[in-house]
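Peer 1: What follows is each chain in one-letter form.
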Amino acid sequence: MKKLVEIALGIVTAIGGYLEVGSIATAAQAGAEFRFQHLWVVAISTICLIFIIEQCGRLSAVSRHTITSAVRTSFGISYFAIPTIAVGIVSLLLLASELGGTALALQLVTGVGFRWWAIPVAALAWLLIWKGRFGVIEKGVSLLGLVAVAFLVGAARLDPPARELAAALVPTRPSHDSARYWFIAVSILGASLTPTLFYFYSSGAVEDEWDESHIPINRAVSVLGMGFGAVLSGAVLVVAALVLAPRGIRVEAYEQVALLLAEPLGAWGFRLFVLTLGICCFGAAVEVALSMAYVMAQGLGWNWSKNDRPRDVARFSLVYTILLPLGAVPLLLGIDPLKITLVTMALTAVVLPLVIIPFLIVMNDASRLGEHTNGRVSNVVVSVVVVLAFITAVVAIPLELTGG
Amino acid sequence: MGGESGANARRAHLLSRALGIALVLTSCSSVEPRERVRKELESAASWSATARMIGQMWLRDAVPTVYARRALASTMQSLRQSEERITREAVPVAARDSITAALAPVEAGVDAMRAAVEKGDRAAVQARLRELDAAGERLKAMSGSAAS
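Protein sequences, first through last, are from chains A and B.
Under the numbering used here, the first residue of the first sequence carries the number 1, and numbering increases by one thereafter.
Under the numbering used here, the first residue of the second sequence carries the number 1, and numbering increases by one thereafter.
These are calculated hints, taken from the structure and not from any lab test.
Beta carbons are placed, not taken as given, at the ideal position from N, Cα and C, and that holds for glycine.
Any given hint might turn out to be false.
Claimed, not checked - Computed beta-carbon distance windows for the label pairs:
{"hint": "1", "chain 1": "A", "residue 1": "N364", "chain 2": "B", "residue 2": "E137", "range": "54 to 62 Å"}
{"hint": "2", "chain 1": "B", "residue 1": "R85", "chain 2": "A", "residue 2": "L124", "range": "43 to 51 Å"}
{"hint": "3", "chain 1": "B", "residue 1": "R130", "chain 2": "A", "residue 2": "V377", "range": "53 to 61 Å"}
{"hint": "4", "chain 1": "B", "residue 1": "T100", "chain 2": "A", "residue 2": "I322", "range": "42 to 50 Å"}
{"hint": "5", "chain 1": "B", "residue 1": "V66", "chain 2": "A", "residue 2": "V384", "range": "46 to 54 Å"}
{"hint": "6", "chain 1": "B", "residue 1": "R85", "chain 2": "A", "residue 2": "S367", "range": "39 to 47 Å"}
{"hint": "7", "chain 1": "B", "residue 1": "R80", "chain 2": "A", "residue 2": "L333", "range": "16 to 24 Å"}
{"hint": "8", "chain 1": "B", "residue 1": "E131", "chain 2": "A", "residue 2": "V380", "range": "52 to 60 Å"}
{"hint": "9", "chain 1": "A", "residue 1": "N303", "chain 2": "B", "residue 2": "Q81", "range": "45 to 53 Å"}
{"hint": "10", "chain 1": "B", "residue 1": "A101", "chain 2": "A", "residue 2": "V136", "range": "57 to 65 Å"}
{"hint": "11", "chain 1": "A", "residue 1": "V170", "chain 2": "B", "residue 2": "A94", "range": "18 to 26 Å"}
{"hint": "12", "chain 1": "A", "residue 1": "P310", "chain 2": "B", "residue 2": "R88", "range": "31 to 39 Å"}
{"hint": "13", "chain 1": "B", "residue 1": "R88", "chain 2": "A", "residue 2": "I322", "range": "17 to 25 Å"}
{"hint": "14", "chain 1": "A", "residue 1": "L127", "chain 2": "B", "residue 2": "E131", "range": "42 to 50 Å"}
To be verified - Just some of the chain B residues that point at chain A, by a computed CB distance under 7 Å:
{"hint": "15", "residue": "S46"}
{"hint": "16", "residue": "V63"}
{"hint": "17", "residue": "V66"}
Work out the full structure: start from the sequences and follow the hints.
Peer 2: Printed below as a string of structure tokens:
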């Protein structure tokens, strides 16, 4: 019974914590500009995400190591520094995006500009991390994030054409503007396959003291939690395709995204959108700040745990204490959070191989994982998607930036 | 009868304007400015549609006034930025003037709608919506002809 509750809670947490600023923005853009055409990208990135998350949990359950500590001990500190710096820069941008998403949600309801909310939101995130234990941080915010189910309700009320949705799960050539199509595809991949999510999940498994008995729970949470979470992302795309695309509205600002649920759900739609944006982005900001603190502490061999008092893990606590105000800086400078988000999502796809390839090598190390090393399918799916995401990003980003 | 002929005249005017723009833009020596102008026109048409949707949703009480007011102000700002960027492009003066002339009623409509929302004047918002429909259609046709 306890295991069942654990599985259910894990799945619900994964669903509630799935949507964040990147997945909302990229799915809305895709739907508004290309209707359902990017649904296959959402499907492929979800399959890849399920494989990676399952591997993260399995590594921690079997070896009691997080991804960071496993990669560092396998490859040494000098290799470890390269991906860490690259991921660190992208994660800082991601933190700014998530803080920006929360600040924008507050702007939408109060009319007070997002810049004014940057510091209060960062301070609130810091307070939650400082005071909260891991379980509260992980489950509390994610459970509130279940409000994102509103997108599924909205999509259902719009009665999408089932046959067209099914057809969109098969990759097709873009109907127009190829460079833009592939840029959005890469951004969707980047929004789904975020390294901070992998670090957070594997650190969480160690925080929760997982052992080999947790392998089935891990599998269920990965498949069902991430799978249903991705359905929410698909629902955002579908709503955008049915609400914004027919009107010729392209997503260039969050003010436009805010209209998504007003059509199918009326006044409640607007309120639910604001709640979804605010809660999901706030949860993700906390998760990103904490993930970066985990990476630094685990990589440099410092004490770390969100279940210890901050004074007992001083350097770990110092990292998120510094990062949160840093993440607020781009917002204070007035940089558009949507622009930060879209650039960050595309850049994530570029840095992915730096994180995933050494991780895959670790996952095939029998001395570390014994009989629980990766199977061939797992290796192939993750390698192919990550390499394709990287190649597409390298081609599509310059084309998008030069207007090609 | 009069309404039909008026609609036909409007359609003919719209078509001739769109064709004119297409002709002038395709005669530009460089492809890049033309492409950039096309994207700006698309963006302006998208913002014009956004303003219409905000107005419609506000009339249905589906969005709060505080949001509608601020979102319309952002729309106005984005339209002005598009216009500024277009005027900086190396496109023939005639094309630029036509585009500016097409953008002006959209900007005026959005500004008037923002003021009406602020006052809570539903009838005025309704009237501005009708004006924006016509102005937005012209902009849409223009961006469509620039793309072809």
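Peer 1: Are the hints correct? Go through all of them and say.
Peer 2: Against the structure, the hints:
1. Distance hint check for N364(A) and E137(B): the Cβ-Cβ separation is about 60 Å, which falls inside the suggested range of 54 to 62 Å.
2. At about 38 Å, the CB distance of R85(B) to L124(A) disagrees with the hint of 43 to 51 Å.
3. For the hinted restraint 53 to 61 Å between R130(B) and V377(A), the CB-CB distance of approximately 59 Å keeps it satisfied.
4. Restraint check, T100(B) to I322(A): a C-beta distance of roughly 49 Å satisfies the suggested window 42 to 50 Å.
5. Taking 46 to 54 Å as the suggested C-beta distance range, the pair V66(B) and V384(A) conforms, at roughly 48 Å.
6. Checked against the hint of 39 to 47 Å, the C-beta distance between R85(B) and S367(A) comes to roughly 59 Å, which is inconsistent with it.
7. The hinted window of 16 to 24 Å between R80(B) and L333(A) holds, with their beta carbons roughly 21 Å apart.
8. Under the hint 52 to 60 Å, the C-beta atoms of E131(B) and V380(A), about 58 Å apart, fit the expected range.
9. Checking the proposed 45 to 53 Å range against N303(A) and Q81(B) shows it holds: the Cβ atoms sit about 50 Å from each other.
10. The supplied range of 57 to 65 Å is met by A101(B) and V136(A), whose beta-carbon atoms lie about 59 Å from each other.
11. As the Cβ distance of V170(A) to A94(B) is approximately 46 Å, the hint placing it in 18 to 26 Å is violated.
12. Between P310(A) and R88(B) the C-beta distance comes to about 52 Å, which lies outside the given range of 31 to 39 Å.
13. In this structure the hint that R88(B) and I322(A) lie 17 to 25 Å apart at CB is violated, the actual value being about 41 Å.
14. For the pair L127(A) and E131(B), the supplied restraint of 42 to 50 Å holds, since their beta-carbon distance comes to about 49 Å.
15. Below 7 Å, beta-carbon pairs count as interface contacts, and S46(B) has one with chain A at about 4 Å; its hint therefore holds.
16. Because the closest C-beta pair between V63(B) and chain A is about 5 Å apart, less than 7 Å, the hint holds.
17. Taking 7 Å as the C-beta contact cut-off toward chain A, the hint placing V66(B) at the interface holds, the least distance being around 4 Å.
Checked against the numbered hints above, the structure breaks hints 2, 6, 11, 12, 13 and satisfies the rest.
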